[in-house]
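Chemist: Residues are numbered in our numbering as their position in the sequence shown, beginning at 1, plus a constant of 947.
Just so you know, these hints were derived from the structure itself, not from any lab. For every residue, glycine included, the Cβ atom is placed at its ideal position computed from N, Cα and C. Please note that the accuracy of each hint is not assured.
List of simulated lysine-lysine pairs, DSS-like, C-alpha gap at most 25 Å [said to hold, decoys possible]: (1) Lys1002 x Lys1092; (2) Lys1054 x Lys1043; (3) Lys994 x Lys1114; (4) Lys1054 x Lys1000; (5) Lys1099 x Lys1002; (6) Lys955 x Lys994; (7) Lys994 x Lys1028; (8) Lys1134 x Lys955; (9) Lys1049 x Lys1000; (10) Lys1045 x Lys990.
Okay, the calculated beta carbon distance ranges per label pair [to be verified]: (11) Gly960 x Gly1167: 20 to 28 Å; (12) Lys1118 x Ile989: 20 to 28 Å; (13) Lys955 x Ile1128: 19 to 27 Å; (14) Ile989 x Phe1136: 15 to 23 Å; (15) Ile1128 x Asn1101: 38 to 46 Å; (16) Leu1051 x Gln1119: 40 to 48 Å; (17) Asn1070 x Glu1044: 12 to 20 Å; (18) Lys1134 x Gly960: 38 to 46 Å; (19) Ser1050 x Pro1116: 29 to 37 Å.
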Amino acid sequence: MSKVKPYKDSALGKKEQVTKMFDTISSDYDGLNRIISFGIDIKWRKKVVNIVKEKQPESILDIATGTGDLAINLTATNASKIIGLDISSGMLEIGKEKIKRKSLENKIELVLGDSENMPFEDNTFDAITVAFGIRNFETLENGLKEILRVLKPNGRFVILETSVPTKFPYKQGYKIYTKYILPVIGKLFSKDKRAYRYLSESASVFPYGETLNNILRKIGFISVEDFPQTMGVATIYVASKQ
948 MSKVKPYKDS ALGKKEQVTK MFDTISSDYD GLNRIISFGI DIKWRKKVVN IVKEKQPESI
1008 LDIATGTGDL AINLTATNAS KIIGLDISSG MLEIGKEKIK RKSLENKIEL VLGDSENMPF
1068 EDNTFDAITV AFGIRNFETL ENGLKEILRV LKPNGRFVIL ETSVPTKFPY KQGYKIYTKY
1128 ILPVIGKLFS KDKRAYRYLS ESASVFPYGE TLNNILRKIG FISVEDFPQT MGVATIYVAS
1188 KQ
């Protein structure tokens, strides 16, 4: 996984490259997301919110929060505290503006930080979410261990991540879209054409389905389930802590 990086000619590590990339594309990110996913990502995020809401959490951590879309959506759970963590200050600045416009400053706090070395105590959060972020971890296992550490016992962990459709013709259509169309959209609309090539390449090699379920189990998560969305172009994973 760590071999796929945004800037192949850069000497920086994956973490630093991902930070630079998201800082660069932060102003384009929300609009481009809607174009790339045809707006379906809004529906996927709503499903994540409903899964989290079932546990009636008091405290929620949204990792790789970016511009805060999911953190804002999670206010529908009635949690008293939501923290959004991200490594990109550029993305967080846009998120802070959105939160201010919606007058949610007393409910959502955005924190600059590394998902693989989080500034939180053990067993802090009732629920943790990551939407389209775990494939950007420098080391997947380290990030997941940190998530397990800060999640409370019986807490709920929900991942929303891209996956690869396995059935004809969706599999073939997905390959054409991610390999040829997605980079062109990125080139047309983004300041950083390499960023959208990286996003499609990293999605194509990232473990999904039962492979990711097994990684979660190996780290120590229990009750692991996956729910493919929209013919398998994304998957929601739900896990818990003993």
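Chemist: All the hints need checking, so say for each whether the structure fits it.
Modeler: Taking the hints in turn, this is what the structure says about them:
The hinted pair formed by lysine 1002 and lysine 1092 meets the criterion: a straight-line CA distance of about 22 Å does not exceed 25 Å. For the hint pairing lysine 1054 with lysine 1043, the CA-to-CA distance comes to about 12 Å; that is within 25 Å, so the pair holds. Using a Cα cut-off of 25 Å, the hinted pair lysine 994 and lysine 1114 holds, with the two alpha carbons roughly 23 Å apart. Distance check on the hinted pair: lysine 1054 and lysine 1000 sit about 16 Å apart at the alpha-carbon level, within 25 Å; holds.
As the CA atoms of lysine 1099 and lysine 1002 are separated by approximately 12 Å, the hinted pair is consistent with the 25 Å bound. Between the alpha carbons of lysine 955 and lysine 994 the distance comes to roughly 35 Å, so the proposed pair goes past 25 Å and is violated. Between lysine 994 and lysine 1028 the alpha-carbon distance is near 20 Å, which keeps this suggested pair within the 25 Å criterion. This hinted pair checks out: lysine 1134 and lysine 955 have alpha carbons roughly 17 Å apart, not beyond 25 Å.
Our distance criterion of 25 Å between C-alpha atoms is met by lysine 1049 and lysine 1000, whose separation comes to about 20 Å. For the hint linking lysine 1045 to lysine 990, the alpha-carbon distance of about 19 Å falls within 25 Å, and the restraint holds. Range check, glycine 960 to glycine 1167: about 26 Å between beta-carbon atoms, so the 20 to 28 Å window is met. Taking 20 to 28 Å as the suggested C-beta distance range, the pair lysine 1118 and isoleucine 989 conforms, at roughly 24 Å.
The supplied range of 19 to 27 Å is met by lysine 955 and isoleucine 1128, whose beta-carbon atoms lie about 21 Å from each other. Between isoleucine 989 and phenylalanine 1136 the beta carbon distance is about 18 Å. The supplied range of 15 to 23 Å therefore holds. The supplied range of 38 to 46 Å is met by isoleucine 1128 and asparagine 1101, whose beta-carbon atoms lie about 43 Å from each other. Between leucine 1051 and glutamine 1119 the CB atoms are about 42 Å apart, so this pair conforms to the stated range of 40 to 48 Å.
One distance hint, 12 to 20 Å for the beta-carbon pair asparagine 1070 and glutamate 1044, is violated here, with the actual separation near 32 Å. For lysine 1134 and glycine 960, the hinted distance range of 38 to 46 Å is not satisfied, since their beta carbons lie about 25 Å from each other. Taking 29 to 37 Å as the suggested C-beta distance range, the pair serine 1050 and proline 1116 does not conform, at roughly 46 Å.
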